[in-house]
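The hints should help you fit chain B onto chain A, whose structure is shown.
These protein sequence lines map, in sequence, to chains A and B. The numbering of the first sequence is this note's numbering, which starts it at 46 and goes up by one. The numbering of the second sequence is this note's numbering, which starts it at 3 and goes up by one.
FYI, nobody ran anything at the bench for these hints, they're computed from the structure. Think of the CB as a built atom: it goes at the ideal place given N, C-alpha and C, for glycine as much as any other residue. A few of these clues could be false.
One-sided and incomplete, this derived list gives chain A residues near chain B with beta-carbon spacing under 8 angstroms [to be verified]:
1) A118
2) R123
3) R128
4) L136
5) R138
6) L146
7) G154
8) E155
9) R156
10) I160
11) A167
12) Y194
13) T197
14) P230
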Amino acid sequence: MSALLEVEDVVRTFGGVRAVDGASFGVERNSITALIGPNGAGKSTLFAIIAGSLRPDTGKVLFDEHRIDRKSAYRVARAGVVRTYQSARVLTRMTVLENLLLASFGHPGERLTGIALRPRAARERDRVLHRQARELLALVGLESYEREYAGTLSGGQRKLLDLVRVLMLRPSLVLLDEPMAGVSPTLRVQLLEHILAMRRDRGITFLIVEHDLDFVMQAADRVVVMNQGRVLAAGSPDEIRANEDVVDAYLGKRH
Amino acid sequence: MNVLASGSFWAFVAVVAGIYTILALGLQLQFGFAGLLNFGQVAFMAIGAYTMAILVVKEGWSMWLAAPLGVIAAGVGGALLGVTTLRLRADYFAIVTIVFSEIIRYVATNENNLTGGSQGTIALGKVGTASQYNGEWASFQTRVQHALGFSSSDATMLVLVWGVAIVLLTLTWLAVRTPWGRVLRSIRDDEDAAASLGKNVLAYKLQALALGAALGGVAGLFYAWEFSFFSPTDFEPLLTFFAWMILLLGGVGRVFAVPVGALVFGLIFAGTRFLNFAPFSWFASDERAYLRLIIIGAIILLLVVLRPQGLLGKKREMVLE
Chain A
46 MSALLEVEDV
56 VRTFGGVRAV
66 DGASFGVERN
76 SITALIGPNG
86 AGKSTLFAII
96 AGSLRPDTGK
106 VLFDEHRIDR
116 KSAYRVARAG
126 VVRTYQSARV
136 LTRMTVLENL
146 LLASFGHPGE
156 RLTGIALRPR
166 AARERDRVLH
176 RQARELLALV
186 GLESYEREYA
196 GTLSGGQRKL
206 LDLVRVLMLR
216 PSLVLLDEPM
226 AGVSPTLRVQ
236 LLEHILAMRR
246 DRGITFLIVE
256 HDLDFVMQAA
266 DRVVVMNQGR
276 VLAAGSPDEI
286 RANEDVVDAY
296 LGKRH
Chain B
3 MNVLASGSFW
13 AFVAVVAGIY
23 TILALGLQLQ
33 FGFAGLLNFG
43 QVAFMAIGAY
53 TMAILVVKEG
63 WSMWLAAPLG
73 VIAAGVGGAL
83 LGVTTLRLRA
93 DYFAIVTIVF
103 SEIIRYVATN
113 ENNLTGGSQG
123 TIALGKVGTA
133 SQYNGEWASF
143 QTRVQHALGF
153 SSSDATMLVL
163 VWGVAIVLLT
173 LTWLAVRTPW
183 GRVLRSIRDD
193 EDAAASLGKN
203 VLAYKLQALA
213 LGAALGGVAG
223 LFYAWEFSFF
233 SPTDFEPLLT
243 FFAWMILLLG
253 GVGRVFAVPV
263 GALVFGLIFA
273 GTRFLNFAPF
283 SWFASDERAY
293 LRLIIIGAII
303 LLLVVLRPQG
313 LLGKKREMVL
323 E
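With the rest of the complex left out, here is chain A (with noise of 0.2 angstroms):
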């Protein structure tokens, strides 16, 4: 079986710089897969071509073998490959739970004809979303805070509730970027085992950017290094380690 996504020679240019310059690789099902690099390696960017946010020059996307690279970012996520953003974007002037209502595909209430012919399956559908947050609120231990605007939590509230959001959306993958960004130790461990348990309970991918390079090591069990652009290893994290090229690549050549 092909891997879940294949990234295949993405070039990405703007103006004269090639931010990406001709990128391949793949994430395995299942897997939680590192995207690291140093500043300006083109993970962002990268990023923002697998979630349909920027279109590449040339190059494929292949998410369960259909190219997703030319589809804006609202059909990418339907077709379950969702992002999270370095500041967990919650929509601050909205409630927790609202928060949470929004993470659906096809809802029928969300529509004006559905609203007008079908209001009985979008009162439906809106009680099944309702259980649904509340018991992911409940996991992440933000259920007290459900009425609250979502703009009152702190940054650390924010990630989990940005995670369980992602979960509403029951992807097959996710893309989280730099989660450990600004993170209490304590919530760095509580971070970690949600995603560890989000890949063994609901069978969830991840592709991971992350600066953080002790979390990578622990968490991730493949690692896709990029530099100018381009993939400059691929390997399990002892590999990674063992990789020369990588640390020339972190730390300059003569370090």
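For chain B alone, coordinates are given in the frame of chain A:
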């Protein structure tokens, strides 16, 4: 000062406030819920009014068919504007909307054969005849007046405008409470996040724009019926900004803040008309007209400083990041 005691004057103020309510309700849907900065709302009012008047006078249509078509034309106009410009960033979109409204007004001024040009609707028909689009409406209003047992046609218009306004307010209020409205608010908050939750952001923005524009069209119809005549100068950008003032006065993101804002604005706007004592009497009456705008501007400024969320707005939503 006996105008102040006249019932028909205050009925007129209330009718205009009702028309403004419908106009500003469109902005509330677009900005208060979907976050779209539309500075060209008056254009949709013009499209609604002109479509109705042209179909009645030139094509001989019944007003009862022409009026809904005016509303649809305004909605389609909003959708067309959106399809071509919604990909722009918020502030550029805002600039394009004001340009759009000026284009509509210039077309109305210059396309004499279609709109009657700068002479207005009176020149819609054959040269030398004073055209009227209002016959059917006037007889309908008279029938309603008899049915209600009213003595004044102003009071009848008041009931009709506010009846329609209340229906539209209620429908909007119901719509924004649904999951559909929830998606609109998510787009207002963070459209990238909404897209990553699988929401077709452009489709929702188009719907908000088209529906808000259609509400502008309804306001245009009532404007046309109330005044029995209009010309391109009735649709200057100032009217859009009056609607914005109403929105800010009442409060952003609350449907029933709109009529409150419109009534307060109407009272201030009409009330400042009577500033004919010293020191205001030192100015000529045409200068005082500008003084009114200055005073209204000052009141809005005070409001923004002292109560930024408007009379009924949600303060917490102003401070969250």
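Status of the hints after comparison with the structure:
Because the closest C-beta pair between A:A118 and chain B is about 4 angstroms apart, less than 8 angstroms, the hint holds. Given the 8 angstroms rule on beta carbons, the hint for A:R123 holds: about 5 angstroms separates it from the nearest Cβ of chain B. Checking A:R128 against chain B by beta carbon gives a least distance of about 5 angstroms; that is within 8 angstroms, so the hint holds. Below 8 angstroms, beta-carbon pairs count as interface contacts, and A:L136 has one with chain B at about 4 angstroms; its hint therefore holds.
The interface hint given for A:R138 is met, as the beta carbon of that residue sits about 5 angstroms from the closest beta carbon of chain B, less than 8 angstroms. A distance limit of 8 angstroms between C-beta atoms decides the matter here; for A:L146 the minimum to chain B is near 7 angstroms, and the interface restraint holds. The criterion of a C-beta within 8 angstroms of any C-beta in chain B is met by A:G154, whose closest approach is roughly 4 angstroms, and the hint holds. Checking A:E155 against chain B: minimum C-beta separation of about 5 angstroms stays under 8 angstroms; hint holds.
Restraint check, A:R156 versus chain B: the minimum CB separation of about 7 angstroms is within 8 angstroms; hint holds. Satisfaction of the interface hint for A:I160 is found here, the shortest Cβ-Cβ separation to chain B being roughly 5 angstroms, below the 8 angstroms cut-off. This hint holds: A:A167 has a C-beta 7 angstroms from the nearest C-beta of chain B, less than the 8 angstroms allowed. Below 8 angstroms, beta-carbon pairs count as interface contacts, and A:Y194 has one with chain B at about 6 angstroms; its hint therefore holds.
A distance limit of 8 angstroms between C-beta atoms decides the matter here; for A:T197 the minimum to chain B is near 7 angstroms, and the interface restraint holds. For A:P230, the suggested interface contact is broken, since its CB lies about 25 angstroms from the closest CB of chain B, more than 8 angstroms.
Consistency note: the structure conflicts with earlier hint 14 alone.
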